[in-house]
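Engineer: Okay, here's what each chain looks like letter by letter:
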Amino acid sequence: MLSQQIINALSQGAFYALFAAGLTLIFGVLDLLNMAHGAVFMWGAMLSWYLMSTLGLHFGFALLITIVFCGLMGLLLEHTAFRPLRGRSTGHLPPLVSSLALSIVLVHVAEKIFGTRVVRYPDNAVPFASYVEMGDAQVSMLHLVLMVVALVLMGALWYMVARTRLGRSIRALQENPKVARLMGVDVDRTIAWMFVIASVLAGIAGVFLGVAYNSASPYMGHWVDLKGFAVIILGGMGSIPGALLGGLLIAFAEIGTVVFLSSDYRDAAVFVVLMGMLLLKPSGLLGSSREVRA
Amino acid sequence: MQTVLDFFGSYGYLIYLLAQNAVLALSVYITLMAGQLSIASIGFMAIGAYSSALLSMNAGLPYPFSLAFAALISGSVALLIGGPILRLKGVYLAITTVGFGELVRFIALNWDYTGGAMGLSGIPPATETWHVFAFLLLLIFGFHQLRRSRHGRALVAIGRDEMAARSMGIPTTRYKIVAFVAGAMMASVTGSFAAHHTNYLSPSEFSFSTAVLVLIYAVFGGLGSHWGPVLGAIVLTLLPEMFRFLDDWRMIIYGISVLIVVIFLPDGLLEVRKLFRRKKDRAAHATPTMEGPEA
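Listed in order, the protein sequences are those of chains A and B.
Residues in the first sequence are numbered consecutively from 50, following our numbering.
Residues in the second sequence are numbered consecutively from 40, following our numbering.
Keep in mind the hints are simulated off the structure, nothing from the lab.
Keep in mind that the hints are not guaranteed to be accurate.
In silico negatives: residues of chain A with every beta carbon more than 10 angstroms from chain B [said to hold, decoys possible]: (1) F118; (2) V167; (3) S189; (4) M190; (5) V197; (6) P226; (7) D237; (8) S266; (9) V307.
Between beta-carbon pairs, the in silico distance windows are [stated by the list, open to error]: (10) B:V311 - A:D237: 25 to 33 angstroms; (11) A:V321 - B:R312: 40 to 48 angstroms; (12) A:S52 - B:D151: 28 to 36 angstroms; (13) A:S311 - B:D200: 44 to 52 angstroms; (14) B:A203 - A:V197: 49 to 57 angstroms.
Pulled a few chain B residues facing chain A out of the computed Cβ check, cut under 7 angstroms [unchecked claim]: (15) G129; (16) G294; (17) V297.
Where a beta carbon is used, it is the ideal one built from N, C-alpha and C, also for glycine.
Taking the hints into account, I'd like the entire structure generated from these sequences.
Structural biologist: This is how it looks when you write it as structure tokens:
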């Protein structure tokens, strides 16, 4: 029973990390909180459901189309909610509100297209719908796949930031946007790519979470947003390994509360951990120790 | 007279909401004045609502006292948590206050005393719509006075540049905490009003999405003066009603409107007024001059 819970926590944590990776990338480099990240995640889940159930597409095709679509959505997000505000000296508030406004639009457009109810994926379309025996635990193959996908993607993201040309531009931008521009970094293009990458990750997280728990609804983005914020603060804003660590920590805190206390306290565990972290070490476990306090 | 009564009959609650949301927007505005991005208003509104309801139901406290006592409770909580959390800045503070709101909602949801998920019903009715409007007018007057006072200028100075304010000898921490406590108490009073107006409370009324809406009201209206949040709350409360004929398109229009205002009017809806004034100015000084410093 306990090993079952540990595996649940691992796959849940990997999912949180995958969702939070995009948030932490954008916050760490641009100092912006993207409030529409959860809405893109929701679109990933709902669109893949639509493609698989209504159009009867194979899971692989649905995933591919969803990835392209969410990437474009990231582009839209950057162009409408963030780019027009760039260069203003008004701080955190306007981009936070503009992305909130856009997330309201995205949620209600989804409501209009997909309906307001919680939907289930068609049985025959879901891949890896088997169980594996692991000791005394019965593990859903899907949850294992979710875990592996999350780890691989986080690894790829880390590699991209650390080793590629785009990653170098991103790191230059984080260091100092002005100097980066002088050194020939195309700032607008780099930022647009970051939003595309973050949104693709959110979309993939949406597809896999929807399939793994066999449910999706236009409102599924809200609670994930909250968890995502908790993850990036715990792990340290901007740190990709930190997101992984934060995701796992929150998943284990949740599952631990469910096992040892009661499932009623599950959501409180997250915020107690979060508040404790903020008061003790606001820069997070693996965050760079830049100024977070006044 | 009959038409007035009819109008009030069908739009009474909407009119009530206008004042309530304006007060909530002001409660966010006072912390924003000091540069602190706090989204805790809904949490304090919940504390005010539940405290006042429980005090009048279980302790038999008369309405004005339960309301005042609830405000004191919210103020004390704000004072207690204000010290540690106001050390955080920007987005970190915002996320912490969101966490605080969720924690309050969580307690309301899981505590038997607050009725759990079923909520509280049978709260004695006492709030008239004019109470909320009177409170709003009082606050507007208060903000008007504050703006011209030393304290108001100190808050704005902290909002512009906290370091500079501190080096000018302004006790920044004290001001930030006082602003936070004041905002908490305003929100608490709207909560108490709401509890004794609808006579029913449930934890779902105090969710994260409601909390961020209040922030949107303030920014949408503009943070240049206290009229901005009031205007923002009124317009955004009316907007969905006015677009009722658009049915499920109206929230999409709502979001797009907010987006357009944030992008094209950096100082909020209040800026429209400035545009008119600038045109008049230009007409008055017909001679071509260099670009003014305000742009």
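Engineer: All the hints need checking, so say for each whether the structure fits it.
Structural biologist: Against the structure, the hints:
1. With a least beta-carbon separation of about 18 angstroms from chain B, F118 of chain A lies farther than 10 angstroms from that chain, consistent with its non-interface assignment.
2. Against chain B, the non-interface label of V167 of chain A holds: every CB pair exceeds 10 angstroms, the least being about 17 angstroms.
3. Separation of S189 of chain A from chain B is adequate, the least Cβ-Cβ distance of about 29 angstroms exceeding the 10 angstroms criterion.
4. Remark: the non-interface label on M190 of chain A is consistent with the geometry, its nearest Cβ contact in chain B lying 33 angstroms away (cut-off 10 angstroms).
5. At the 10 angstroms boundary, the C-beta of V197 of chain A stays outside the reach of chain B, the nearest C-beta of that chain being 30 angstroms off.
6. Every C-beta of chain B lies more than 10 angstroms from that of P226 of chain A, the closest at about 17 angstroms, which supports listing it as non-interface.
7. Non-interface call for D237 of chain A relative to chain B: holds, since the shortest CB-CB distance, roughly 16 angstroms, exceeds 10 angstroms.
8. Annotated as non-interface, S266 of chain A keeps its C-beta farther than 10 angstroms from every C-beta of chain B; the closest such distance is 14 angstroms.
9. Every Cβ of chain B is farther than 10 angstroms from the Cβ of V307 of chain A; the closest lies at roughly 14 angstroms, confirming the non-interface assignment.
10. Between V311 of chain B and D237 of chain A the CB atoms are about 30 angstroms apart, so this pair conforms to the stated range of 25 to 33 angstroms.
11. For V321 of chain A and R312 of chain B, the hinted distance range of 40 to 48 angstroms is satisfied, since their beta carbons lie about 46 angstroms from each other.
12. Range check, S52 of chain A to D151 of chain B: Cβ separation about 35 angstroms, and the 28 to 36 angstroms hint holds.
13. The hinted range of 44 to 52 angstroms is satisfied by S311 of chain A and D200 of chain B, whose Cβ atoms lie roughly 47 angstroms apart.
14. A203 of chain B and V197 of chain A have their C-beta atoms about 52 angstroms apart, which keeps the hinted 49 to 57 angstroms range intact.
15. The interface hint given for G129 of chain B holds, since its Cβ lies 5 angstroms from the closest Cβ of chain A, which is under the 7 angstroms cut-off.
16. Satisfaction of the interface hint for G294 of chain B is found here, the shortest Cβ-Cβ separation to chain A being roughly 4 angstroms, below the 7 angstroms cut-off.
17. Taking 7 angstroms as the C-beta cut-off, the interface hint given for V297 of chain B holds, the closest approach to chain A being about 4 angstroms.
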